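*Asks:* Going down the list, the sequences are from chains A and B. This note's numbering puts the first sequence at residues 1 to 135. This note's numbering puts the second sequence at residues 1 to 260.
If you want a taste of the chain B side facing chain A, the calculated C-beta under 10 angstroms gives, among others:
id: 1; residue: 44
id: 2; residue: 45
id: 3; residue: 48
id: 4; residue: 55
id: 5; residue: 137
id: 6; residue: 152
To spell it out: a stretch of chain B is covered by chain A in this simulated footprint if at least three of its residues, at any positions, have a beta carbon under 8 angstroms from a beta carbon of chain A; those stretches are:
id: 7; region: 12-20
id: 8; region: 104-113
Hint data in this document are derived by calculation from the structure and do not stem from the laboratory. Bear in mind the structure is a predicted one, so any value in this text is a computation, not a measurement. Where a beta carbon is used, it is the ideal one built from N, C-alpha and C, also for glycine.
Residues per chain are reported as follows:
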Amino acid sequence: MRARRGGSLVEALVASAVLAAVGLALVESVAAAANAGTRAAAGAQARRLLEQGLEQARSGRGAPSGGTAGPFTVAVATQPASFGALTTPANAPSCGGCSGAIATGGVGSLTQVTVTITDTADGSVVARGATVTPP
Amino acid sequence: MPRSRRPSGRARRGQALLGALIAAGAVGLLAAGLYGLAFEGAQAGHASLAQLAAMSAAEGGLNVTLKILNDTANQALVQNLGQVPRSTAQAWGQQSTSYSAAQQNFQAMMTGYGPFEWVAAFPDTAQAAPPAAIVGASGTLPGPGGTLKWSAYAGLIAVPSPLPTWQDNGVVATLTFPIGLLAHAWVWGPPDASPGAGQYLGEVTGYSPPNVPGAIVLTYQDCPNYYQPPSCGYPTAVQVTVPAGQLILNDPNAQVPPPP
Numbered sequence: 001m002r003a004r005r006g007g008s009l010v011e012a013l014v015a016s017a018v019l020a021a022v023g024l025a026l027v028e029s030v031a032a033a034a035n036a037g038t039r040a041a042a043g044a045q046a047r048r049l050l051e052q053g054l055e056q057a058r059s060g061r062g063a064p065s066g067g068t069a070g071p072f073t074v075a076v077a078t079q080p081a082s083f084g085a086l087t088t089p090a091n092a093p094s095c096g097g098c099s100g101a102i103a104t105g106g107v108g109s110l111t112q113v114t115v116t117i118t119d120t121a122d123g124s125v126v127a128r129g130a131t132v133t134p135p
Numbered sequence: 001m002p003r004s005r006r007p008s009g010r011a012r013r014g015q016a017l018l019g020a021l022i023a024a025g026a027v028g029l030l031a032a033g034l035y036g037l038a039f040e041g042a043q044a045g046h047a048s049l050a051q052l053a054a055m056s057a058a059e060g061g062l063n064v065t066l067k068i069l070n071d072t073a074n075q076a077l078v079q080n081l082g083q084v085p086r087s088t089a090q091a092w093g094q095q096s097t098s099y100s101a102a103q104q105n106f107q108a109m110m111t112g113y114g115p116f117e118w119v120a121a122f123p124d125t126a127q128a129a130p131p132a133a134i135v136g137a138s139g140t141l142p143g144p145g146g147t148l149k150w151s152a153y154a155g156l157i158a159v160p161s162p163l164p165t166w167q168d169n170g171v172v173a174t175l176t177f178p179i180g181l182l183a184h185a186w187v188w189g190p191p192d193a194s195p196g197a198g199q200y201l202g203e204v205t206g207y208s209p210p211n212v213p214g215a216i217v218l219t220y221q222d223c224p225n226y227y228q229p230p231s232c233g234y235p236t237a238v239q240v241t242v243p244a245g246q247l248i249l250n251d252p253n254a255q256v257p258p259p260p
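Could you put together the complete structure from these sequences and hints?
*Replies:* Structure follows, in structure tokens:
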């Protein structure tokens, strides 16, 4: 009789522990899912802001303005565009006195626009991208 | 009357344990599903952000390369074409009676007078991949998780229609050589900003051409037979108009080049 009661107590304790652990995992997963939903909504808003800014630069309407938009801070940096390297060599034209130069000096007249969107509350970067204005 | 059989204490405990295990398993599966959902959502958001940044970087690279192409066309190419003999221009115009003939004459023009690289097929593409006089460039731009690498090519091509013409009205003679523009760009993201390091992120852009061709126009003065100075054999005006083209996305024929 005593052994049976002891066995039942151990089983109850084990069952309680298992249920507590599973319940905790369930609560945490629900919280994670809810948190992910919130982050997804915030991320979508940040992506929309980023897309707006980059599209404005890409379409030749100038660099977007920075500032605060909702929970985000939009920072815009502009600098002369550059390129790393030419990947194709220039031909040597066969006609007398021809110029074989590829003109790269004008690239600097283009503007590289970098848009960085941070969470105003904690300063974390939520979206970032860059493009170059059209010629 | 039959006696109902009641389970023994051990059997009841076994049933209870089995029930608890089944319940725990079900709850565990639910929790795992929710975690998976949250993880997938985070991944999807990250991927779409990376895609957005990659598209912007690709178009940025295209803009840089198109600027190089345009400037070269308006400077070195125009200057060089000023030395095309009248007889050569006339042959280009009069013998371009088919697309293949036009392509051959365009090749002669570009390899003889263009500072661009001549390729038998536009690199790593696309849409029939015509021969082209190209310029390529590569560079970097900031992305969501680090630096994005871009590589872009822009090139001039002969177009199937309209074909080149040679017109002489007795005062001036003009070679009109319609041209098109192709441009493509690729972007590679850092390991933490793309589906995988060095992978193509899905952006292929092209400016395709035949509906809105530009043109290379060489104009020669008609000199009288009794007065043929040397200058009469060379153009009095050269005009190169690079077409704006139109944007094409997601070219299914694109190949993925190695990252720069």
